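Asks: Single-letter residue listing:
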Amino acid sequence: MAKNVIVAKDLYLEYKKDTPIIKESTFAIKSGSFVFITGPSGSGKSTLLKSFYGELRPRSGILQIGGVSLNSIKPSKLAFLRKYLGIIFQDYKLIKEWTVKKNVMLPLLIAGYSKNVCEAQTARLLKHVRLEGKEEYYPLELSGGEQQRVAMARALAHNPVIILADEPTGNLDEYSSRVIWNLLEGANEQLGTTVVVVTHSIPTNLKVPFKHFYIEDGKVYEIS
Amino acid sequence: MKSLKNHISLIIPLFAILFAVEFYFIVDKAITEYQKNMSKDYSIIVVSKKPLTLQELKAHEPHVVSLKEVDSSLVINRLKQNGITINFKELKNFLPKFYKVYLDHFPTPDEIKKIKKRLLTYKTITRVEIFLKVHEKIYHFLVFLHGISQIFLFIVFVTSILLVFKQIEVWHLEHKERMYIMALFGAPLWMRNAILIKLSVIDTLISAFLVYIIYLYFISTDYLKNLLGVENINITPGDIFHDLLWLMGLGLLISVVNVIIVSLRQPRI
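Note that the protein sequences, when read in sequence, are chains A and B. Mapping of the first sequence onto numbering that gives the first Met the number 0: position 170 corresponds to residue 169, and the numbering continues sequentially without gaps. Mapping of the second sequence onto numbering that gives the first Met the number 0: position 243 corresponds to residue 242, and the numbering continues sequentially without gaps.
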């Protein structure tokens, strides 16, 4: 039986004091699962995802990622934990002064891989996301779909245990969205990576089984 | 253009700091050289009942480096000129011994008073003339010069540090997005701030070289050469090059410490 990779117990998240975004929420996400978190705008989907990668600390309750408590995690330990996460944003969050190649290499450079390994892995991933030949381009020279594929390659570069995606197809056309869903499905199916996606609507033609969490009035409910 | 403006914004305050530091170094060097020259010229007069040797005197006062007997005929000649009629041959036998005593450094007024006290404890020494007034005037002038250069350094240092800090904050703001992304992928603090460190290292090197070139030009001008030459003070290009290494070290320290402070002041990501 798969272990829980994300565990929340009576989780309470807030930006301003006594203004909870997420409250009294208890849930668990199993290792290797594909999870959607949905809910209306402003319901706290992105806030919940932020807490998963440690940008927002729980006000109370328990939040554990891979068995590590995020409640009062030290910056050095958080940096270490993030090496096991791959994060994808709606606005891509690519470093615009860096080439496509260097952007994809970022997690590998942080992990301390040798230049040869970085080069080989980056070339393989760019081929995988169908961006070979665009290594030396800068993000602003690419279309939105291509930029998101670069972000996808970057998220996969260091073989993360968990991929956290915040509206990964929110700004993309149908073709680019399909490519991104295929890549996320591939990571989940072939590599066993846990994928947590925050989205407004779940794609209809997904091949992998998935779990669905819904946020309403600050509480997280497991629907399926 | 924007990048150049950003670099100049850091180069100017760094240049000001390093220029002031080098100014202080040069004033300090000039004062030290001047004091050395002064100590060669400055002597105290010791009057002794019996002849003195350097070893005897050193045993009482370790700062003494040499002593020179003042020819008593000089004293007698002065008396002769004043028209005093006595038996000068006999007087010569009764006159005490006069010595010019040289010290190993240019002492402070307090030090010289202590030296006088110590010398007077020696039984054969009857009198010590330290020319305190003249000595004090010169000494206080040197202290004043030193103090002025220190105040100048302090004012420039404080104002420029604030400017350096502000500029690094501006850089931090410009590269915030990049640092944020790197933090999300687990980059340690040094890696996130590598860009700021790189920029400040480049600007430090440029500032230090500018200061080096300007001072090299100053010390090669005839005006400064003549001014320092009068007092036998010699500041060579080698001295300035030696200082360049200190300036680079100091500039790098200021930049890196500022980068660390700025990044630690930012909220955690």
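Certain hints may be false.
Subject to a maximum C-alpha distance of 25 Å in a straight line, what follows is the list of computed PhoX-like cross-link-like pairs (lysine-lysine) [said to hold, decoys possible]: (1) B:K48 - B:K96; (2) A:K73 - B:K4; (3) B:K57 - B:K67; (4) A:K101 - B:K35; (5) B:K197 - A:K100; (6) B:K175 - A:K49; (7) B:K132 - A:K101; (8) B:K39 - B:K67; (9) B:K35 - B:K115; (10) A:K100 - B:K175; (11) B:K175 - A:K15; (12) B:K35 - B:K175; (13) B:K132 - A:K82; (14) A:K95 - B:K48; (15) A:K126 - A:K82; (16) B:K96 - A:K114; (17) B:K67 - B:K4; (18) A:K101 - A:K126; (19) B:K4 - A:K95; (20) B:K132 - A:K76; (21) A:K95 - B:K57.
Not the full set, but computed from the structure, chain B residues with beta-carbon under 10 Å of chain A [unchecked claim]: (22) A29; (23) H174; (24) M181; (25) A186.
For the record, the hints were derived by calculation from the structure and aren't laboratory data. Here the structure is a predicted model, which is why all the values come from computation and not from measurement. The C-beta atom is built at its ideal place from N, Cα and C for all residues, glycine as well.
Asks: Evaluate each hint against the coordinates.
Replies: Going down the list of hints, with the structure as the test:
1. B:K48 - B:K96: holds, 6 Å
2. A:K73 - B:K4: The given pair, whose Cα atoms are some 38 Å apart, is violated under the 25 Å limit.
3. B:K57 - B:K67: Holds, at roughly 14 Å.
4. A:K101 - B:K35: Since the Cα atoms of K101 of chain A and K35 of chain B sit roughly 60 Å apart, the hinted pair is violated (cutoff 25 Å).
5. B:K197 - A:K100: Roughly 21 Å between the alpha carbons, so the hint for K197 of chain B and K100 of chain A holds.
6. B:K175 - A:K49: holds, 18 Å
7. B:K132 - A:K101: Roughly 73 Å between the alpha carbons, so the hint for K132 of chain B and K101 of chain A is violated.
8. B:K39 - B:K67: At roughly 13 Å apart (the allowed maximum being 25 Å), K67 of chain B and K39 of chain B satisfy the hint.
9. B:K35 - B:K115: holds, 20 Å
10. A:K100 - B:K175: The hint holds at about 21 Å.
11. B:K175 - A:K15: holds, 23 Å
12. B:K35 - B:K175: Violated, because 54 Å separates the two Cα atoms, which is more than 25 Å.
13. B:K132 - A:K82: violated, 74 Å
14. A:K95 - B:K48: Violated, at about 90 Å.
15. A:K126 - A:K82: holds, 23 Å
16. B:K96 - A:K114: violated, 84 Å
17. B:K67 - B:K4: Violated - the C-alpha atoms of K4 of chain B and K67 of chain B are around 65 Å apart, more than 25 Å.
18. A:K101 - A:K126: holds, 15 Å
19. B:K4 - A:K95: holds, 21 Å
20. B:K132 - A:K76: violated, 68 Å
21. A:K95 - B:K57: violated, 75 Å
22. A29: Hint on A29 of chain B: violated, closest Cβ of chain A at ~48 Å, above 10 Å.
23. H174: holds, 9 Å
24. M181: Holds, about 7 Å.
25. A186: holds, 5 Å
Hint compliance for this structure: hints 2, 4, 7, 12, 13, 14, 16, 17, 20, 21, 22 are broken, all remaining hints hold.
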